[in-house]
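Quick one: dock chain against chain with the hints and give me the complex.
Here is what each chain is made of, one letter per residue.
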Amino acid sequence: MDFSTALQIFFSGLNLGSIYTALGLGFFVVYSVTRVLNLAQGEFVMLGGMLTVSFYTMGIPLPASIALAVVITGLVGAGFYRFIIYPARNASGATKVFLTLGFSFIIEGVALRVWGWEFRILPAFLDTPSIQLWGATIFGQTPWVIGITLLMVIGLFLYFGRTIQGKALRACANEPLGARLMGISIERMALFSFILAAGLGAVVGALITPLTMTSYSMGLPLAAKGLLAAFVGGITRAEGVILGGFIYGMIEAITAGVIPGGYHNAIAPLILVVIFLSRRRGLLVTAGKG
Amino acid sequence: MTKKIVLGLVAAAFLIGGLVSCKKAESVASYKIGVAVAQTGSYAGLGSQFLEGMELMVDSINEAGGVNGIPLEVVIYDNKSEATETTLVVKKLIEVDQVHALIEGTVTALGMSIVPVANESGVPTVILSGTGLLDDQLGAWVFRPAGTEDNYIALSLEYMSQEMGISEYATLLENSGYGQGGKVYLPQRSPSYNLTIVEEQYFDPGATDLTTQLTNIKNSEAQLIFVWGSSPTASMAVKQARELGISLPIMATPPQVMPDALASFGEYYKMEPPLLASTTKMDIWEQLPDSDRYKALYRDFTQLFTESYDHSPSLWQMLGAQYITFIEDGLKRVGTTSTDVTEIRSQLRDALESTEKLQLLTSVYTMSPEDHFGQVEQTLVIVTFRDGEMVLAP
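Chains A and B, in that order, give the protein sequences. Per the working numbering, residue 1 is the first one in the first sequence, and the count goes up by one each step. Per the working numbering, residue 1 is the first one in the second sequence, and the count goes up by one each step.
Hints may contain errors.
What the hints assert, rightly or not - Chain B stretches covered by chain A per the calculated footprint, using a threshold of three residues with CB under 8 Å from any CB of chain A:
#: 1; segment: 44 to 50
#: 2; segment: 207 to 221
#: 3; segment: 243 to 254
The set of hints was computed from the structure by calculation and includes no laboratory data. Built from N, CA and C at the ideal position, the CB exists for glycine as well.
Same shape as in the complex, but just chain B (with noise of 0.2 Å):
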């Protein structure tokens, strides 16, 4: 609440500033940025951190006097979780609330479902997805500087086969936006790295027994399970599997791993075999070696979030700061010639295609008309449990 009143007080401070400057200068008052994100609903978990971090970052951006001296004004609306009340909000947002830019930050169906009316309304927008399934789909102005599930396949697949040695193992994927990057991309990699598949099962999000899939994958040839999800039904999972006495080691995605699934299910990721799982340096930087230069980001980023939180950053809340960083970019290329929306927005597309090179919290980004993603380098890690502490996997 506090945190609110000061976010107002600052925007008030700099509306204020903006209309007094208006006399002289010609610029926006504000750079506006929509924001639609779910803050009730299945996935108001992933929404509510994507916020804390994106809130921290928009503050701090404001504190240090804007950008081009000019502040970010995010407005926010829920989603509630629908992809219908995704593109509603979104319009909202492109015609009455006049934003220069749009967020969408929960998961991909939401986000997916902005993508054509941000196209035809020429608004650059980020949304969070982690499958690059759907890269080509994403037209010209939407982009999406996170990650993609081929990181953490091939070091999941290349961890499994050589440090494991395994040759078969099952899936258990959600039926969700996200489980489909597991059901197309399994199949397709496993080859190459000596695997095969030989037990493929699925369960919903919110369901609450997993049983008779599991009891399909103990009767398999199976020396491992893959279990690919990011709703709470994805760790239960591993819960479920324990009980059913499957003494098989789990391989998880990083969803998985976040701290509301640790708080819930970490006792059954500490049972033998300990859960494995592909997640990003942030959850143990502190193991990092000096010489990684992403400890540093990540020490900087933590000191940074828990000035204002009372627990440590993760994916989400990363996520969070990096589309505010990779939009702020953005606008310090497009300078303050101009106070037409449309014109800001197209300046602004156009900046952000043309991002090179740059260092976010997940990783190093290089926009270009061919390619929104724009990941360059791998950042990921595979991280185990060992004394009741997540550790890297040896």
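Next comes chain A alone, as it looks inside the complex (with noise of 0.2 Å):
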């Protein structure tokens, strides 16, 4: 394999490494404050794309299109947990996972009846060209990808580590009783980290809608492999998921170039299993915690 094609390989795998850890970040929001897994989490990310592709095709500026997405997308978010999750958030953790599955597929359903089947595509922030670097390629969206992602990275690190409210979302999850004892809602946390996750998640869907498309079924399949990224990384800590969303990035790529067809899609999954059995808490959590 000459130089180029391995540089190749190396960038599809920032490209895909960049979606799947911005996918997970929302699962590791919602799951560090309630331990909840949002199986739903892929949903935002789809209302996200959509809703700025309706916004921006009206004519309103992408930015705006974005806001106004992210906005919407939130509010569903906090909905989901007043009128689903809150009700139930005394049931045990498998129930809680069944009603994110299941609020994933009304959301899908109503996004058909309101979007149709068809993917819709956005430009590429800015119309940034492709860069081209030693015989390889960068899609000019793989950057804003990469940025964002990043910022997004960082604001979670400093909310968390650094403010008040950030050490109260975290002692939700670690410490509840204490948590509670120290006059924290739990339950005004929890709705603040959903519609959080929810937010970043609609971040998300309008910067890959440029890589990806988007269409109202998209939620689901791109969620599992966030999720998986995010598992075998370490889904309670912010590095975890950007390490495990990079090693499923670059797996894939690596398979799609050098594995005959028709195994793509089965090869990248298997090897996180793989990695995920050896080490159960994910590649950055330590035992004992998390």
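Structure representation (structure tokens):
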């Protein structure tokens, strides 16, 4: 294999990795606060993408379209917590996971009614052209995905690590009783985490649409990949989500170029499952924590 | 919605009519056609278009008094783009709804999934598939009056070799039932056109990054890329190739020039060198010479279609319409002598198998016990893009 091909595989892995990392962040936020595995996270991404495209095609400038999409998706996230998760707050973890799955189907059904089955696509932000480097190509949108995902990660770090509210959020998951004794409203924090995850999801949706296209049914398949990646890296830490996302992206890029037809979609998850089985808490989580 | 209500009213009217006529005549109240089609899932686009064409034809037959004076009644279930779901709804159609005929109107994998149950239960069945690879597995009860990759392979390869002077090319094939046709036939047929495949790459429907595959192709000796697939990813391949700065000509398959793909990727199709694709004459019927009898056929169908829908028909809508016409033609020859479901099913099977020189939208069909595909005439063309429009390739 020559250098430019190897480099292209690397870029392709970066591209896919940034997508999966961006997807994983929403799982991370909800899981670290509520310990709920929110399978509807992919629907927030889909809503973000579809709403942005809809507003954008109405002639609203892209930043405003994204902002509108984030607000609406955040409201959906709030409603989801308030009317579905909150009433079941005392149910088992498995019940809550099924509720998120059910909600995911509801959103998908509504999206099919509203937008139809057609897939849609956005131009790269600011029409950024592809970048040629040593015979390989980076899509114009990829730096945007990496850059904005990085900003979101830094933001989350600062928020969870440096602010009182962020620390309170984490306390809710680690020491629910203690948090309550300290006067933290777990319900309000959980509500906030769902709004935050939905909003992040919507940004991600707008961000990846120029690369992945978007359609009413894209939520679950993408969420499944993002979740798998997040788990492998360690869903309780943002670094874990990033590591998992990029490992998944790289494996996918390598298999796409090297493995002959028919097995691409099977091999990357298989490798991840093997990694996961050997480190069940995720690569970046030490035993006893998380 | 209004269309469904109207359809419902028409069906109800016929039902009442049928109940009244029961007293005097020995015939069924309606011919029931069970349809399994993707209305959700990854093939929802194709399934929905198929339904448009199908419902249009059912309405127009019923408005004209039905077949042998008996209305057609369609029972439609969503197979969710999944083979297991398709088998499930088809069993329901056979056992609960007691349909006389079955249609699967989406893609090869879903259609093939009902072949065993259709044959075991003895229900005449029409499946939508664009591959001739599986024709020997259809059994006695299943028909496929559609197209075959053989048509566009011959056409495309001849164009590449004769008109473009290509000798070496690369393939980029979808991992799907549809892509399988390219995987098998392209290497088989290429030598007779003095063409060599120098690079063979694959992608999954739903994949988002084909740059690695495209780079492998870019680094080969290929003079052209043959992209073969029916998912949006197959269309996105053209976009990514152009973004990678690959300026090789690209040859595509009919699903890649359907309206939704054109809407999303048209600007990349028009980039130099413009995309080439084999497709049905329907897509450019206005440019056909008047001597071509398909011109009139498509003019009439487009007119009928646009009375009901706000867009022009394309391949899947044509197929939806022609599958109904195919069954209608069989039913005409069944007559009205029986009311027994099993008997009608069996009579209809025999009738479909003796279809002769039936002009449908995509071609002319003659069925026989040995041939349940039956296409007797090649009707595809190579198109390209000029001044932003899809045109017949020079």
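Hints, one by one, checked against the model:
1. 44 to 50: holds (count 3)
2. 207 to 221: holds (count 10)
3. 243 to 254: Holds: 3 residues of the segment 243 to 254 of chain B have a Cβ under 8 Å from chain A.
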